[in-house]
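Which chain is which? The protein sequence lines are S and A, in order. The first sequence begins at 1 in the working numbering and counts up by one. The second sequence begins at 1 in the working numbering and counts up by one.
It is worth saying that the hints were derived from the structure and are not from the lab. Hints should not be assumed to be uniformly reliable.
[Stated by the list, open to error] Here are some, though not all, of the chain S residues that point toward chain A, as calculated from beta-carbon distances under 7 Å: (1) Leu30; (2) Ala32; (3) Leu33; (4) Val43; (5) Val59; (6) Leu143; (7) Asn228; (8) Leu273; (9) Thr275; (10) Tyr279; (11) Ala282.
Yeah, the Cβ is synthetic: ideal placement off N, Cα and C, and Gly gets one too.
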Amino acid sequence: MTDFTQSYDAPRRNYSQLVLRWLLFSLLGLFALFYLMPLFVMVTTSLKSLEEIRTGSLVALPREVTFDAWRTAWSETCTGVKCEGLKPYFWNSVLMTVPAVFIATLLGAVNGYVIAQWRFKGANLIFSLMLFGCFIPFQVVLLPMARSLGILGLAGSIPGLIFVHVIYGIGFTTLFFRNYYVTIPSELTKAAKVDGAGFFRIFWSIFLPLSLPIVVVTVIWQFTNIWNDFLFGVSFSQAGTQPVTVALNNIVNSTTGVKEYNVDMAAAIIAALPTLLVYVVAGKYFIRGLTAGSVKG
Amino acid sequence: MTEWLERHVPKMVLAPSFVAVLIFVYGFIIWTGWVSLTRSKLMPKYEIKGFIQYDRLFASPRWDTAMDNLFIFGGLFIGISLILGLFLAILLDQKIRAEGALRTIYLYPMALSMIVTGTAWKWIMNPGLGIEATVRSWGFESFTFNWITDPNMAIYAVVIAAVWQASGFVMALFLAGLRSVDEEIIKAAQVDGIPTWRIYSAIIIPSMAPIFLSAFIVLAHLAIKSFDLVIALTGGGPGYATDLPATYMYAMAFSRGDIGQAASSAMVMMGVVFTIVVPYLYSELRAKHD
Numbered sequence: 001m002t003d004f005t006q007s008y009d010a011p012r013r014n015y016s017q018l019v020l021r022w023l024l025f026s027l028l029g030l031f032a033l034f035y036l037m038p039l040f041v042m043v044t045t046s047l048k049s050l051e052e053i054r055t056g057s058l059v060a061l062p063r064e065v066t067f068d069a070w071r072t073a074w075s076e077t078c079t080g081v082k083c084e085g086l087k088p089y090f091w092n093s094v095l096m097t098v099p100a101v102f103i104a105t106l107l108g109a110v111n112g113y114v115i116a117q118w119r120f121k122g123a124n125l126i127f128s129l130m131l132f133g134c135f136i137p138f139q140v141v142l143l144p145m146a147r148s149l150g151i152l153g154l155a156g157s158i159p160g161l162i163f164v165h166v167i168y169g170i171g172f173t174t175l176f177f178r179n180y181y182v183t184i185p186s187e188l189t190k191a192a193k194v195d196g197a198g199f200f201r202i203f204w205s206i207f208l209p210l211s212l213p214i215v216v217v218t219v220i221w222q223f224t225n226i227w228n229d230f231l232f233g234v235s236f237s238q239a240g241t242q243p244v245t246v247a248l249n250n251i252v253n254s255t256t257g258v259k260e261y262n263v264d265m266a267a268a269i270i271a272a273l274p275t276l277l278v279y280v281v282a283g284k285y286f287i288r289g290l291t292a293g294s295v296k297g
Numbered sequence: 001m002t003e004w005l006e007r008h009v010p011k012m013v014l015a016p017s018f019v020a021v022l023i024f025v026y027g028f029i030i031w032t033g034w035v036s037l038t039r040s041k042l043m044p045k046y047e048i049k050g051f052i053q054y055d056r057l058f059a060s061p062r063w064d065t066a067m068d069n070l071f072i073f074g075g076l077f078i079g080i081s082l083i084l085g086l087f088l089a090i091l092l093d094q095k096i097r098a099e100g101a102l103r104t105i106y107l108y109p110m111a112l113s114m115i116v117t118g119t120a121w122k123w124i125m126n127p128g129l130g131i132e133a134t135v136r137s138w139g140f141e142s143f144t145f146n147w148i149t150d151p152n153m154a155i156y157a158v159v160i161a162a163v164w165q166a167s168g169f170v171m172a173l174f175l176a177g178l179r180s181v182d183e184e185i186i187k188a189a190q191v192d193g194i195p196t197w198r199i200y201s202a203i204i205i206p207s208m209a210p211i212f213l214s215a216f217i218v219l220a221h222l223a224i225k226s227f228d229l230v231i232a233l234t235g236g237g238p239g240y241a242t243d244l245p246a247t248y249m250y251a252m253a254f255s256r257g258d259i260g261q262a263a264s265s266a267m268v269m270m271g272v273v274f275t276i277v278v279p280y281l282y283s284e285l286r287a288k289h290d
């Protein structure tokens with residue numbers, strides 16, 4: 001951290017420093033308002049009645065707090081033809097995200113372990129090819145994937161979505177674990193080999209116990225990405241298997257009936273809660289995942 | 001036998017993932033590239049007919065709009081996010097007591113789905129009930145903020161929401177960069193009486209060039225792939241005023257039943273991504289091996 005407040009001709013700085021400090025805090029505060037405003041508006045709108053929304057102001061606190069919109073959003077509002085609220089879609093997302101995160105993380109761990117510690121000829125090429133795969137725009141695989149899921153009998157199903165998320169998650173999970181395991185001295189593996197430990201034994205008893213931080217980072221990264229995904233969800237699901245992001249979009253952009261803004265906002269918050277919760281609980285690891293995904297190394 | 005097995009276990013463990021990537025990334029790119037050269041409509045055909053799909057694509061006014069939007073949106077989104085992110089990082093680097101809390105506030109939008117972001121901003125920018133109505137109710141009767149329904153301005157509404165979502169992330173990247181600048185150099189500069197703004201512009205910011213590059217790559221990548229935000233915020237409208245290549249591709253693939261157009265637009269998108277990402281990844285990987 002750089003400290004610019006401690007310059008050394010103290011008497012002169014007092015007044016101008018104070019003004020600068022004040023300016024700094026008001027700027028920071030203004031930006032905080034900018035980032036918080038949408039969340040504030042979402043929460044207050046979701047707690048108002050439709051009547052109050054029509055007559056009141058966007059930024060006003062609710063005069064009368066009501067949780068009706070939340071109940072409607074969770075279990076009554078209509079997405080397309082069905083009117084069961086977000087609840088079934090929320091569970092679809094859970095059923096899709098949990099196995100996809102688990103499988104992709106596990107594969108990434110083993111792959112990263114091989115690439116970092118069991119170097120063989122061509123390992124770098126394989127790693128580069130997997131890395132490039134992380135950066136393709138997914139539009140380029142949508143059409144063949146739709147056909148392949150049909151051939152595999154997975155079209156429009158949750159296992160199909162799990163499959164897709166695992167496939168396109170491996171690149172990043174491998175990258176995360178590879179970059180982590182590269183920092184562990186290879187002497188450790190060599191010594192274990194001399195002692196007669198095999199490939200899996202070394203992974204299981206030496207590397208896995210050291211991996212907690214990177215597992216947390218990877219799980220959070222995958223969870224956020226898969227939970228928030230919309231493109232795969234909207235392309236490869238059907239009426240009963242849509243994830244919560246797709247259902248939310250259907251609710252908000254449905255053109256039939258009275259527009260219930262409070263229900264829209266409650267539904268948006270419900271869809272956002274799991275990832276927000278992860279962020280609040282484990283923000284440090286969340287940031288590490290973001291930076292690991294962009295700055296390699 | 002066991003020795004052979006022992007030697008080849010690592011390769012066999014890596015093989016399934018590698019094969020999956022070969023098929024589902026590279027194989028699929030080839031498939032899409034192939035189909036983009038055919039007359040595929042509702043169903044894919046495999047007889048190559050040359051570049052007719054690309055001719056149709058580049059002659060399509062809707063694609064034209066989508067590409068224009070990509071450059072407007074991408075340019076503004078990346079530019080504003082970089083400037084705002086750097087600015088916030090420098091502000092936060094001044095020994096702020098509430099730094100942790102502020103950082104959390106600036107960054108939380110990154111945890112949200114773009115569908116949620118789109119939903120929230122659609123409501124905020126709703127002319128009838130959102131900011132416009134609120135400011136009018138404060139007595140500014142002629143205040144208008146109807147970008148979201150104005151075909152000429154709607155793409156800028158998308159920029160606002162996207163910057164809101166991603167700028168905190170850029171801030172986090174830059175803040176990490178600021179913290180890794182050698183303090184001795186800065187102290188020496190301070191002792192020499194160099195003003196703070198000069199220390200930033202001449203020493204600190206230039207030393208963060210690699211972070212600018214990574215942030216640029218991530219933002220460019222987000223911009224080209226951005227699909228969810230447009231769908232949730234404007235649905236590509238009014239008309240197709242806020243179409244991006246990603247929404248064009250999706251419309252062709254899943255609602256227009258024009259697989260040839262979908263494939264060719266996807267290939268152009270990939271071309272754009274690769275001209276940006278490939279040189280970057282190449283240099284990153286090379287640097288690692290040296």
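Hints, verified against the model:
Interface hint at S/Leu30: violated, since its Cβ lies 11 Å from the closest Cβ of chain A, which is beyond the 7 Å cut-off. Hint status for S/Ala32 relative to chain A: holds, with the closest Cβ pair at about 5 Å, below 7 Å. Interface hint status for S/Leu33: violated, as the beta-carbon distance to the closest one in chain A is roughly 9 Å, over 7 Å. Interface hint status for S/Val43: violated, as the beta-carbon distance to the closest one in chain A is roughly 10 Å, over 7 Å.
Checking S/Val59 against chain A: minimum C-beta separation of about 6 Å stays under 7 Å; hint holds. Because the smallest distance between the Cβ of S/Leu143 and any Cβ of chain A comes to about 6 Å, under 7 Å, the interface hint for this residue holds. For S/Asn228, the shortest C-beta to C-beta distance to chain A is roughly 4 Å, which falls under 7 Å, so the interface hint holds. For S/Leu273, the interface hint is violated, since its Cβ never comes within 7 Å of a Cβ in chain A; the closest pair sits about 10 Å apart.
Checking S/Thr275 against chain A: minimum C-beta separation of about 5 Å stays under 7 Å; hint holds. With 7 Å as the threshold, the beta carbon of S/Tyr279 comes within range of chain A, its nearest partner Cβ sitting at about 4 Å, so the hint holds. Taken as an interface hint, S/Ala282 does not check out: its beta carbon lies about 10 Å from the nearest beta carbon of chain A, beyond 7 Å.
Of the numbered hints given earlier, the model fails hints 1, 3, 4, 8 and 11; all others are met.
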